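K.L.:
Sequence:
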Amino acid sequence: LVPLRDRLLALLVAICWGVNFPATTLALQHFPPLLMVALRFILIAIPTMIFVPWPKVPARWLIGVGLGIGTMQFALLYVAMSIGMPAGLASIVLQASALFTVLLGAVFLRERLSGRQVVGFVLAVAGLVVIAVHRSQVAALVPLLLTLGAALGWAIGNICSRQARAPKPLHLTLWMSVVAPLP
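Residues in the sequence shown are numbered from 74 upward in steps of one, following the working numbering.
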């Protein structure tokens with residue numbers, strides 16, 4: 074049985090995730106998407122540089138996490154949402170990052186996939202195809218493709234994070250905010 078505390082924490086994460094996308098939609102009515110990405114990370118980067126110790130990882134992995142998760146994911150996601158990707162659909166399509174992470178892990182880290190994982194991967198891809206076909210019937214496909222690109226950026230950041238082997242992952246997560254607004 075899952076303790077009540079853990080269930081409440083899981084519920085809190087789901088609520089935060091769910092509120093994040095409508096909030097982004099509202100913010101995009103006031104800010105251009107790339108400026109919003111920069112502001113999002115600058116607001117975190119400044120206190121991070123002052124109060125959080127360096128994550129003790131090679132700079133290349135920190136840069137990879139920052140460019141993948143920070144810059145690529147959020148720039149493509151915010152542009153997609155600003156040109157018509159609905160918040161609810163964006164939150165679902167962005168989960169393709171899990172698929173991309175598994176695929177990149179298999180290719181670049183030589184991780185072996187179990188039969189069960191392959192079946193799950195195929196089902197998930199089929200679900201994305203259904204979403205893409207439906208989306209193409211109601212609006213432009215470009216926002217969907219940009220959101221998939223955002224998911225790929227997240228996956229690249231995941232692989233870099235894994236390779237970084239940060240002794241304190243929270244420090245890596247915070248310090249990637251220093252990299253993200255630079256481009």
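Do not take every clue at face value.
[What the hints assert, rightly or not] Distance ranges between label pairs, derived from CB positions:
(1) PRO131 x LEU214: 32 to 40 Å
(2) LEU186 x GLN236: 31 to 39 Å
(3) PRO120 x GLN236: 21 to 29 Å
(4) VAL86 x ALA197: 19 to 27 Å
(5) ILE88 x GLY188: 32 to 40 Å
What the hints contain is simulated information worked out from the structure, not anything from laboratory work.
Everything numeric in this text was worked out from a predicted model, so none of it was measured.
No residue lacks a Cβ here, since even glycine has one placed at the ideal position from N, Cα and C.
K.L.:
Range hint 32 to 40 Å: satisfied by the CB atoms of ILE88 and GLY188?
P.N.:
holds, 35 Å
K.L.:
Starting from the hint 32 to 40 Å, judge whether the C-beta atoms of PRO131 and LEU214 obey it.
P.N.:
Holds - the Cβ-Cβ distance for PRO131 and LEU214, about 38 Å, lies within 32 to 40 Å.
K.L.:
Are LEU186 and GLN236 spaced within 31 to 39 Å by their CB atoms?
P.N.:
Roughly 19 Å apart at Cβ, these two residues miss the hinted range, so it is violated.
K.L.:
Can you let me know if the beta-carbon spacing of PRO120 and GLN236 is within 21 to 29 Å?
P.N.:
With a Cβ separation near 26 Å, PRO120 and GLN236 satisfy 21 to 29 Å, so the hint holds.
K.L.:
With respect to the beta-carbon atoms only, verify the hint that VAL86 and ALA197 lie 19 to 27 Å apart.
P.N.:
About 20 Å separates the Cβ atoms of VAL86 and ALA197, which means 19 to 27 Å holds.
Hint 2 alone, counting from the list given before, is not met by this structure.
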